[in-house]
Amino acid sequence: MSSARRPGALACFGRGLRLSLSKPYLAVSLWLIQLLLASVLILPVSNTLHDLLDDSPAASRMVANPDLGWWETLLRTHPDLLGNFPDLLTGLLTPEGVTASKLGGLRGMGAAAVSLGLLAIVLHAFALGGIFGTLREPHGSLVTFGREGMRRFPAFLAFTLAALAAALSAYRWVWIESGVALHDRTLELQSERQVLAITLARLLLLALVLSTIKLVADSVRAIWVARPDLPPVSRFFAGIAGALSRPLRLFGVLLSSILTVLALYAVWIVADPSAGGEARFALVPLILTQQVFVFLRLLVKVGYYAGISEALTRTPSPEYSYVAAPPPPPPSPSPAGDHEPALENPAGAV
Amino acid sequence: MGSAKARILLLALAGALAASAVPLPAAPLATPVASYEISCRLDAEKKVVEGTELLTWTNTTTHPAATLQFHLYLNAFLNTRSTFRRESGGMARGVSIPDASWGSVEILRMTFADGTDLLPALLYLSPDDHNPDDRTVAEVTLPRPVAPGETARVSLDFRSRLPRVYRRTGWKGDFFMVAQWFPKIGVLQEGGWNCHQFHANSEFFSDFGNYDVSIDVPSRYRGKVGATGKRVEERTGTGDRVLYRFRQESVHDFAWTADPDYVVVKDFFREAGLADVEILLYVQPEHASQASRHFRAVKAALSQMGRVLGPYPYPTLTLVDPPWGASAAGGMEYPTLITCGTQLIAPASVHRPEEVTIHEFGHQFFYGMLASNEFEEPYLDEGFNQYMTARVLRATYGPNHPVVNVFGYRFALGIDENYPVDTNRRYFEVATQDVHAQPSWKFRDFKNYGSDTYSHTALALSTLENLLSVNIMDRALRLYADRWRFRHPTLTDFIACVNEVSGKDWTWFFDRTFYSSGDVDYAVEKASSTPAKPPKGLFERDGKLSEGPPPALARVRGYDSVALVTRRGETALPVEVLLRFEGGKTFRSFWDGEARWKRFRVAGGPRLLEAIVDPDEKLALDADRTNNGKRVVPDPRAAARWTARSVFWMQNFLDSLTVAW
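As you go down the protein sequences, you meet chains A and B in turn. Quick note on my numbering: the first sequence kicks off at 1 and runs consecutively. Quick note on my numbering: the second sequence kicks off at 1 and runs consecutively.
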């Protein structure tokens with residue numbers, strides 16, 4: 001009976017982080033993908049801002065701080081720039097949520113941003129193939145990343161789209177529809193505290209469902225890469241079973257990564273390098289700081305995927321405990337054998 | 001005098017003194033026109049208030065009154081055919097009207113002083129839209145006309161069915177906000193009755209009078225009943241009931257509230273030069289920690305508005321905090337009673353509860369004492385009050401900070417929202433869609449009604465204040481308040497006060513900013529500065545024309561600078577233009593703003609750095625301040641930094657999209 005010590009969630013996440021640090025090119029590739037996608041908007045944003053601000057006396061006070069009046073005027077006088085993009089972003093977080101019909105209100109750069117988001121989701125499927133594949137290679141490289149990504153792209157894209165559909169369904173049914181169904185009832189409640197408690201419960205449920213979807217999808221991806229010996233259907237179900245058999249450990253890895261990212265954002269908010277105007281951070285150091293932050297966040301992200309892979313492949317489990325039978329012991333040497341040439345290596349063979 | 005007699009006399013004197021210890025009603029502040037004695041009983045289970053009403057009404061016109069007209073406001077909620085429901089389209093102030101929100105007021109008996117039954121002659125009128133299904137205005141024909149100056153008495157019984165709370169009145173559970181609840185006489189003017197229907201976007205108009213109201217409620221409401229005026233009696237009624245009596249002179253409406261959950265907190269306002277006020281706060285238990293914020297806000301308003309407009313003259317002020325699910329009752333004003341608006345999570349940097357409390361208190365002046373016609377001139381109460389609210393908030397708290405709502409939780413952003421321009425930006429969206437000064441029900445929709453009556457008026461008055469000076473504006477407001485206190489002023493009356501105080505005719509300002517649909521927008525289209533060049537061509541020298549300028553003209557120095565300022569908006573207002581030069585020199589010029597454009601030239605001066613129209617931001621009505629200036633040498637720093645930030649945000653946005661799947 002095996003007495004192998006099962007690593008805990010923190011240990012898995014820690015190993016994942018070490019793996020991520022040992023293969024920094026994975027985070028670099030994610031960073032490059034996101035930067036290239038974001039850079040599509042650099043020119044339109046830059047040109048528009050220079051056009052609106054450079055000649056304006058408001059420019060000097062806008063260096064350091066946002067100006068509510070400028071922003072409101074921009075949205076009012078240039079509805080073609082963003083459309084309802086700001087409303088979508090803020091609406092996503094309201095109890096009413098955002099429905100697909102509101103996408104019709106997107107315009108200009110707002111619409112482009114959402115399209116880039118969809119492209120980012122597709123490219124992320126490719127990147128995940130590269131990440132999981134490279135993590136299993138002792139000596140990977142960017143070439144490995146690209147090769148593994150392309151090799152698994154069709155399957156991983158399918159997983160991503162399925163997970164996306166599941167997550168959107170969860171958002172709709174767990175968040176929006178429950179909000180609609182409960183709206184009138186919550187108005188009849190005695191206190192606002194009760195309403196907030198219900199909102200919090202709905203939020204927690206949504207987070208739980210989304211986390212489950214994510215963990216199942218990532219588990220399938222990890223097993224898909226780890227068990228090439230299994231047929232595709234078996235790999236798929238082994239991935240689902242892998243998530244269901246280690247829910248706490250996987251949730252632990254996810255929670256660890258979320259807390260780490262939140263800590264990074266907390267540091268960012270406290271340090272606030274974007275504020276304070278040019279006296280605090282000149283433009284180039286600001287851009288560098290921003291990109292270092294993004295890179296650190298992506299290191300944690302790769303660490304999470306490596307942690308999930310660790311949690312699934314380092315611990316034995318019923319569906320993944322099959323271990324091939326040990327090779328048969330070499331036949332005991334017999335006196336006669338000494339005079340017979342080995343079958344595989346007949347004498348004189350070339 | 002014998003000792004026995006002396007003792008009797010002393011006892012009598014003591015009795016008289018004891019009697020005088022009960023506060024006697026002070027002399028009325030206003031001549032009563034429509035006074036009410038009401039006894040009512042709340043059926044908390046059926047959500048019905050039944051009562052008897054004795055109306056004492058005086059004809060203040062020069063013509064006899066053959067009829068009386070009454071507001072039956074609760075009939076606005078009678079069914080979907082009422083004018084209110086038709087106009088609202090199922091929405092009340094942006095909130096959908098819940099089912100089971102039907103309400104009504106029925107007159108069960110109505111008799112004239114001589115005993116004549118008036119009920120058979122009762123007719124429903126629809127003076128505004130001729131809707132035959134609207135029952136918010138009723139008229140009765142009197143057995144004989146009421147002569148000018150004569151006082152008539154009408155006695156009636158009524159039954160008011162309260163709706164599930166919306167549009168500021170009704171119930172939720174055990175909570176009751178009882179407003180616009182009794183048959184109320186209209187205002188007779190020289191031209192006839194002014195008695196409008198209840199519209200989706202209208203409020204109220206009534207004559208001043210004295211109110212004496214007895215309220216009979218179940219005993220679970222003991223100590224939890226607040227109302228207009230001062231409570232003068234509390235006694236246990238028959239059965240499991242308790243009876244309260246409130247009195248108030250010189251007001252034009254009466255509202256009351258009851259909720260067994262109320263926490264009642266008391267405070268006092270006392271300031272030299274102003275009247276003492278007892279402040280009662282009926283607050284929900286979960287909002288009790290915000291009591292001090294309400295008190296600080298209302299005291300700031302009592303002080304600052306009192307110093308500009310004159311003291312708040314009533315001895316009490318009641319603040320009501322409606323419970324969760326009854327926010328439709330919040331943010332409303334009644335004489336000496338206002339309803340607040342707050343949430344459990346109300347960050348201190350967001351002055352939301354304070355803003356509502358100050359605004360509703362401000363209505364004690366603009367509506368309460370300066371009882372303008374809210375149907376016909378809604379800007380006189382909401383708009384003037386919005387302007388004064390912004391002044392108090394700015395002076396007391398500084399800039400507001402907007403919030404982002406995350407799953408119902410509100411987080412303040414670190415962005416300054418300045419009063420009054422930033423807090424009234426909604427007006428700019430609809431700036432040219434409606435004539436700003438018009439009856440409340442004639443606006444295109446609720447958004448336009450709110451944006452024009454509240455925000456446009458606040459910005460217009462702020463603009464006027466900047467053009468006049470704060471001192472003149474305050475004196476004009478004070479004159480208006482003193483002259484029209486406890487009367488029915490119009491905008492024309494305020495304009496007269498402005499003209500009188502300033503010594504100039506400002507009617508043109510109101511014509512352009514109130515009685516028009518124009519917007520204000522000035523812009524600097526172009527600013528340039530080039531090194532001055534000597535003139536070229538043929539010049540007279542020694543009596544002959546020769547090529548090239550004479551030495552005096554050839555020696556040029558400095559720069560030739562040009563700024564082109566345009567009026568993009570329809571409304572013309574006087575404006576200043578500032579040219580800022582190298583070396584710190586500035587040049588200010590006044591422009592009447594009438595033409596579509598004006599070019600400003602400075603020859604041979606220092607190099608122009610920037611041109612700014614309205615540099616002191618006096619024109620609060622300016623719809624687009626981002627075009628108010630032009631730099632000669634562009635400054636790319638802001639655009640570069642915000643581009644960098646945008647890319648960073650975009651990277652985070654893209655990453656967030658790949659987190660969950």
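Just so you know, these hints were derived from the structure itself, not from any lab. Note that the structure is a prediction, hence the values are computed from the model and not measured. Just so it is clear, CB atoms sit at the ideal spot from N, CA and C, and this is done for glycine as well. Please note that the accuracy of each hint is not assured.
Lysine to any residue pairs mimicking SDA-like chemistry, simulated, CA-CA at most 25 Å apart [what the hints assert, rightly or not]:
1. A:Lys-102 / A:Arg-202
2. A:Lys-102 / B:Lys-618
3. B:Lys-447 / A:Leu-103
4. B:Lys-224 / A:Leu-187
5. A:Lys-102 / A:Gly-117
6. B:Lys-447 / A:Arg-202
7. B:Lys-299 / B:Arg-352
8. A:Lys-102 / A:Thr-77
9. A:Lys-102 / B:Gln-304
10. B:Lys-526 / A:Gly-117
11. B:Lys-47 / A:Arg-185
12. B:Lys-618 / B:Lys-533
Counterexamples of contact, computed for chain B against chain A with all Cβ distances above 12 Å [as the list claims (entries may be wrong)]:
13. Thr-62
14. Met-91
15. Arg-153
16. Gln-304
17. Gly-310
18. Trp-324
19. Val-421
20. Arg-487
21. Ala-552
22. Glu-617
23. Arg-625
Practice task
Find the hints from earlier in the document that the structure breaks and name them by number, from lowest to highest.
Solution key: Of the numbered hints given earlier, those the structure breaks are 2, 6, 9, 10, 12, 18, 19, 22, 23, listed in rising order.
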